[in-house]
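Starting from the given sequences, assemble the full structure and let the hints guide the process.
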Amino acid sequence: MCDVEAIDTLRLNLLDPRAVFFYQDPAAGLSLRYGFEEWKGVKIALAMPLTRRRQYLVLSDAEGHEIGIIKDLDELESHSRRLAEEYLARAYFIPRITRVLAIEEQFGITTWRVETDRGPRAFEVRDRRDMRFIGRNHLVIKDVDGNRYEIEDYRALDARSTALIETQI
1 MCDVEAIDTL RLNLLDPRAV FFYQDPAAGL SLRYGFEEWK GVKIALAMPL TRRRQYLVLS
61 DAEGHEIGII KDLDELESHS RRLAEEYLAR AYFIPRITRV LAIEEQFGIT TWRVETDRGP
121 RAFEVRDRRD MRFIGRNHLV IKDVDGNRYE IEDYRALDAR STALIETQI
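Reminder that position 50 of the sequence shown reads as 50 in my numbering, one-by-one numbering, no gaps.
Note that these hints are calculated values from the structure, not bench results.
Note that the coordinates shown come from a computational prediction; the quantities given were computed from them, not determined experimentally.
Be a bit skeptical, because a hint or two may be false.
[Unchecked claim] Straight line, CA to CA, 27 angstroms or less: simulated DSSO-like cross-link-like pairs of lysine-lysine: (1) LYS40 with LYS71; (2) LYS43 with LYS71; (3) LYS142 with LYS40.
Structure representation (C-alpha cells):
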C-alpha cells in the first residue's frame with residue numbers, strides 16, 4: 001500500500017502549517033513568514049472554492065508566483081488562521097440564499113429577488129447553465145455580473161422558495 005499523504009506531498013508543494021505565520025503589513029497587506037523566508041502582498045486562492053473552503057489554500061506572491069499550498073486552514077495557529085479567514089471572506093463573497101421571494105423572466109433573463117444571510121438581494125441570471133448543483137440539493141447560482149449565490153439545500157427552504165427554484169432547474 002502507498003501512503004496517500006506521501007503522494008500529496010510529492011505532487012503538491014505543501015507547506016508545514018506550523019511554520020506558516022501571516023501578518024498584516026501596513027503598506028503591502030497580507031504578508032507571510034515561512035521559516036526564514038518572507039513575502040509581502042500575499043494572495044490566497046482556494047483550489048476548490050465551492051466544495052472545500054477550508055482546504056487546499058494556494059498561496060501566491062505579489063507577482064502571482066506560487067509559494068505553496070496549505071492543506072487545511074484549521075491546522076494554522078489562531079492568529080494566522082483568523083487573517084486567512086478574513087482574506088478569504090473578502091475574496092470569496094458568496095451570500096447564502098435563505099428565501100426566494102420571486103423569480104421573473106423577461107427576454108430570456110430571469111430576475112431573482114431573494115433574502116440572503118447578508119440581506120436582501122436582486123440579481124439576474126442568463127440561463128440555466130449558470131445554475132450548478134454541487135451535490136444532491138446544493139445549488140450555486142452565478143449572476144450576469146459573475147457573482148455567486150449559494151443554497152446549501154434548496155429542499156430545506158420554505159415550500160414557496162423550493163417551488164420557485166424548481167421552475168428553474
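For this session: Verify the proposed pairing of LYS142 with LYS40, using a straight-line Cα cut of 27 angstroms.
Result: violated (32 angstroms)
Problem set entry | Restraint status (C-alpha distance of LYS43 to LYS71 at most 27 angstroms) | holds (16 angstroms)
Problem set entry | Hint consistency between LYS40 and LYS71 [alpha-carbon to alpha-carbon, up to 27 angstroms] | Given that 27 angstroms is the threshold and the Cα spacing comes to 21 angstroms, the pair holds.
The structure is inconsistent with hint 3 alone, although it conforms to all the rest.
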